[in-house]
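*Asks:* If you want the building blocks of each chain, they are given just below.
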Amino acid sequence: MSGYMTGILTVLSINIIMAYAIFLPAAAGQLNLGGAGFQALGAYATAFLSAKYGTPSWATIPAAMLVGGLVGGVLAFPLLRTKGVYLVLATFALAEVIAGAILNTTALGGAMGLSVPDYVGANVPMIAAACVTLFVFYLMATRFGLVMRAAHDDDVVTDLLGANVRAIRVVAFALGGALAGLSGALYALAFSFVDISTFNATISIYVLLYVLLGGTQTAFGPILGATFFTLLPEVLRSVLPQVKAFLAGIFGQTGAIAPPDESWRFIILGLLTVLMMIFRPEGLVTRTFIERLKGALRGQGARRKGAVA
Amino acid sequence: MLLIQQIINGVMLGSVYVTMAVAFTLTIGVLNFLNFTIPTLFMLAGMGAWALTAKGVPIIGAPLIPVVIAPIIAIVTTIAASLIVERFTFRYLKMKYGDSTEHAIPLVSSLGFLLIIENLVRIAYGTDPQRFTALEADFTFDIAGLMIRVPQLASLMISIGIVFAVNRALNHSRIGRGLRAVAENPDAANLLGVEANKLVPVIFMLTGLLCGLAGILFAMNYGEVSPQMGEDIGSKAIAGMVIGGLGSIWGAVIGGLIIGVAEMLTIHLFGADTVQVVVWGLLLVMLFFRPQGLLGHNSIGKGKL
Chain G
1 MSGYMTGILT VLSINIIMAY AIFLPAAAGQ LNLGGAGFQA LGAYATAFLS
51 AKYGTPSWAT IPAAMLVGGL VGGVLAFPLL RTKGVYLVLA TFALAEVIAG
101 AILNTTALGG AMGLSVPDYV GANVPMIAAA CVTLFVFYLM ATRFGLVMRA
151 AHDDDVVTDL LGANVRAIRV VAFALGGALA GLSGALYALA FSFVDISTFN
201 ATISIYVLLY VLLGGTQTAF GPILGATFFT LLPEVLRSVL PQVKAFLAGI
251 FGQTGAIAPP DESWRFIILG LLTVLMMIFR PEGLVTRTFI ERLKGALRGQ
301 GARRKGAVA
Chain X
1001 MLLIQQIING VMLGSVYVTM AVAFTLTIGV LNFLNFTIPT LFMLAGMGAW
1051 ALTAKGVPII GAPLIPVVIA PIIAIVTTIA ASLIVERFTF RYLKMKYGDS
1101 TEHAIPLVSS LGFLLIIENL VRIAYGTDPQ RFTALEADFT FDIAGLMIRV
1151 PQLASLMISI GIVFAVNRAL NHSRIGRGLR AVAENPDAAN LLGVEANKLV
1201 PVIFMLTGLL CGLAGILFAM NYGEVSPQMG EDIGSKAIAG MVIGGLGSIW
1251 GAVIGGLIIG VAEMLTIHLF GADTVQVVVW GLLLVMLFFR PQGLLGHNSI
1301 GKGKL
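Line by line, the protein sequences give chains G and X.
Using our numbering, read the first sequence as starting at 1 and increasing by one per residue.
Using our numbering, read the second sequence as starting at 1001 and increasing by one per residue.
Incorrect hints may have been included.
Okay, the calculated beta carbon distance ranges per label pair [stated by the list, open to error]:
1. X:His-1268 - G:Ser-197: 23 to 31 Å
2. G:Phe-246 - X:Ala-1124: 17 to 25 Å
3. G:Ile-250 - X:Glu-1195: 54 to 62 Å
4. G:Ser-192 - X:Glu-1224: 34 to 42 Å
It should be emphasised that the hints constitute simulated quantities derived from the structure, not laboratory data.
Think of the CB as a built atom: it goes at the ideal place given N, C-alpha and C, for glycine as much as any other residue.
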């Protein structure tokens, strides 16, 4: 496997874990716009333990998950008092506070960042991503997952039917925090350097976007969204120059053509977001979609199945 | 004396936040929609005014525009952009309450527009900050040793004037009554003959106007524009709005000024690195203990979301 492919697979695995970290609270009806904050916690926990005490990676990764999960769980109580727009703002503010706190802590390197002596190859993030994916699929099939989905659709009725919505949401938020911590830890170990400016608000926005575009109804959504938006820039990197050359050819330009601006990728992501929200606001993969697919695969009347779902 | 000077500077800085916080609070109060394009619209006005005077119009290659007219064209462009955003984020999105992530649809859509507008500006004019001194006017006078810059004072006056005008329009005009009815209960307003579809663009035009003015005033005061200028100012305006209370115009004014003063005092007392912690910590504490903000109502952002 070439170095380029390994690099992409590492980033893809980290992004998939991060997508599930945002997916779990979102599946229970809570939008987290502070994903980068939790990721930063995990990354710095790993980097600090590794740089200061030489802790091996099999210990730092669980430690990072513990830090992310604990902070997520403890803060979930006051955070989840807020709803809707308030929760979006509160999580956003939380990420900014975490980033600001790390920036001002000299033990964590401040603005200079922290280099990580430890290193893991691409196989560890890939195995971790596979485990996380299986875990979330399993979780969504359990009673817990069912209540999460019910709380997402209507929290009042779910509460009336005897489910403890609050506890479910706190656990979902804490699990999300732990997964974000895991992705941060893997980032720190795979790139051997952490810098707080990497974990900025833009990252939180991107992760939330690709989870919502993939769909929050089923566990297929995040993996699809994360894969699509991680690979899209790579594909565009090779396709866009050709498109530009083609357009230049039409307008009669010849000779060397400068490669197109990097910013075009973000414009395409933005356009896709706007279009998706108009045509498929529930995300690409929905429950109905899965039911139809199953019906079609079984060879039964797909239309009949789809109507039921 | 230095402390009083810092507070004055804070109030002046706060006036930029105030204008944008009012734009945020209008869309939240009436439409229950956190409009993330507001920081980009602010940037569009500032960059637009600079580009028109320094680079001319791209693609069609129009000549440079004189400094007196450029800000007006920039503000009109901003209003037009805001209406385009309305068309695609709000008008055709089905709003069915019940599903708790569905309120996020216009919000997510506006995040998409944030990416589009900001990166289009990057492609057209590059990512570097640009000196924009054409508009900068530097008159200073001092009262008893306190320095007061005239452009800053003017922008504070203009900000407060706009807030008065918007507030008066909301309370006393026919359109304002309609908007308040929609804010209270969209369905009931619709039943009683308020044409929400015609009123919603008014909110977006006001948003464009407020952001445009804020962008121009910022360029006048600080003499620098960049494609990233909206991010920091915009997020602090959001913090100010929440502290003042979502949906309350005077709350946005007070919150914006609090953030401005808090920022200046933090820089004075602890240094620039701690600003982020203080501003966002203030917001977080506010959300934990008094989520409705200083002047907000309990109902906004709760019943419908």
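*Asks:* Each of the hints needs a verdict: does it hold here or not?
*Replies:* Evaluation of the provided hints:
Against the hinted window of 23 to 31 Å, the Cβ-Cβ separation of His-1268 of chain X and Ser-197 of chain G comes to about 25 Å, which satisfies the hint. Checked against the hint of 17 to 25 Å, the pair Phe-246 of chain G and Ala-1124 of chain X passes, with Cβ atoms roughly 22 Å apart. In this structure, Ile-250 of chain G and Glu-1195 of chain X break the distance hint of 54 to 62 Å, their C-beta atoms being roughly 45 Å apart. At about 36 Å, the beta-carbon gap between Ser-192 of chain G and Glu-1224 of chain X stays in the expected band of 34 to 42 Å.
When held up to the earlier numbered hints, the structure conflicts with hint 3 and nothing else.
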